[in-house]
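*Asks:* Sequence:
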Amino acid sequence: MSAEPQPDLPGGAEATAAEYVLGLLTEAERRDFEAQLAADPGLEQEVASWCACFAALTDPIPESVPPASVWSGIETRLHGPARPGLLRQLLPYLLGAVTAAAIAWAAMVSGLLNTGGTGPDLYADLVAGEQGLELLAHYAPDSGTFMVRRDAGDYPPDRALEIWLLSDAEQAPVSLGVVQPEGLTSIPLDRAVAAQLGGATIALSEEPPGGSPTGLPTGPVIALGQLAER
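Those letters in the sequence shown? Residues 1 to 230, per UniProt numbering, in order.
Note that these hints are calculated values from the structure, not bench results. The structure presented is a predicted model; accordingly, all values stated were derived computationally and were not measured. The C-beta atom is built at its ideal place from N, Cα and C for all residues, glycine as well. Be careful, since some hints might not be right.
If you anchor each label on the Cβ, the simulated ranges turn out as follows [to be verified]:
1. 39 <-> 15: 14 to 22 Å
2. 29 <-> 119: 29 to 37 Å
3. 171 <-> 29: 40 to 48 Å
4. 156 <-> 74: 29 to 37 Å
5. 61 <-> 182: 25 to 33 Å
6. 32 <-> 134: 19 to 27 Å
7. 172 <-> 132: 24 to 32 Å
8. 152 <-> 28: 21 to 29 Å
9. 15 <-> 123: 25 to 33 Å
10. 213 <-> 155: 42 to 50 Å
11. 213 <-> 26: 29 to 37 Å
12. 153 <-> 199: 22 to 30 Å
13. 190 <-> 71: 31 to 39 Å
I would like the entire structure built from these sequences, with the hints used as guidance.
*Replies:* Here is the structure:
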């Protein structure tokens with residue numbers, strides 16, 4: 001009895017999207033890809049799908065605290081007399097990244113990995129006129145990913161931009177995540193949070209680096225938007 005054929009690994013734009021999510025592109029390749037990303041909603045969806053796939057791969061892995069001897073071992077390897085070449089040092093990480101991409105692709109094609117939900121795509125414009133910022137928020141239910149793209153304005157220096165969900169006037173704001181200074185921000189959402197997005201208001205606040213330390217907005221709210229279909 002012959003084995004069933006395995007799904008082909010992705011190529012072209014799909015492979016580039018996976019490399020972008022894993023941070024494997026060069027600076028020039030990343031700039032070219034982000035230029036395409038801004039003009040191609042389909043490519044944006046591809047990036048969101050890879051983010052959800054890679055995030056799901058780490059869910060079953062329990063957290064662990066390494067022993068104190070690990071750091072001394074790292075120092076010995078870094079400063080020892082027989083230091084390996086750069087390519088040899090990076091090879092295990094490159095192989096691991098390629099393996100992770102292959103596993104995620106096979107799981108997605110075979111249907112084993114299904115993080116999508118139902119419902120329409122939702123969008124909201126976040127415009128902070130005083131700061132000159134314009135951002136587009138997009139929730140893709142089929143991948144369960146909330147995305148934010150900065151279309152205009154500069155990221156504030158020494159500050160963070162954090163997105164908040166205001167689903168109910170009687171409930172405290174819920175942080176959806178911090179907007180990345182560069183590129184597309186992709187945030188996988190669990191279904192309980194995603195179920196509150198339709199018609200909800202989202203807010204953009206300025207926070208200390210890394211986001212609010214309290215779990216609630218601490219800085220000024222500079223923009224508001226309502227999630228809706230387009």
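*Asks:* Taking the hints in turn, state whether each one holds.
*Replies:* To see whether the hints hold, each was checked on the structure:
no. : hint                    : result
1   : 39 <-> 15: 14 to 22 Å   : holds (19 Å)
2   : 29 <-> 119: 29 to 37 Å  : holds (34 Å)
3   : 171 <-> 29: 40 to 48 Å  : holds (43 Å)
4   : 156 <-> 74: 29 to 37 Å  : holds (35 Å)
5   : 61 <-> 182: 25 to 33 Å  : holds (27 Å)
6   : 32 <-> 134: 19 to 27 Å  : holds (22 Å)
7   : 172 <-> 132: 24 to 32 Å : holds (29 Å)
8   : 152 <-> 28: 21 to 29 Å  : holds (23 Å)
9   : 15 <-> 123: 25 to 33 Å  : holds (28 Å)
10  : 213 <-> 155: 42 to 50 Å : violated (19 Å)
11  : 213 <-> 26: 29 to 37 Å  : holds (35 Å)
12  : 153 <-> 199: 22 to 30 Å : holds (26 Å)
13  : 190 <-> 71: 31 to 39 Å  : holds (34 Å)
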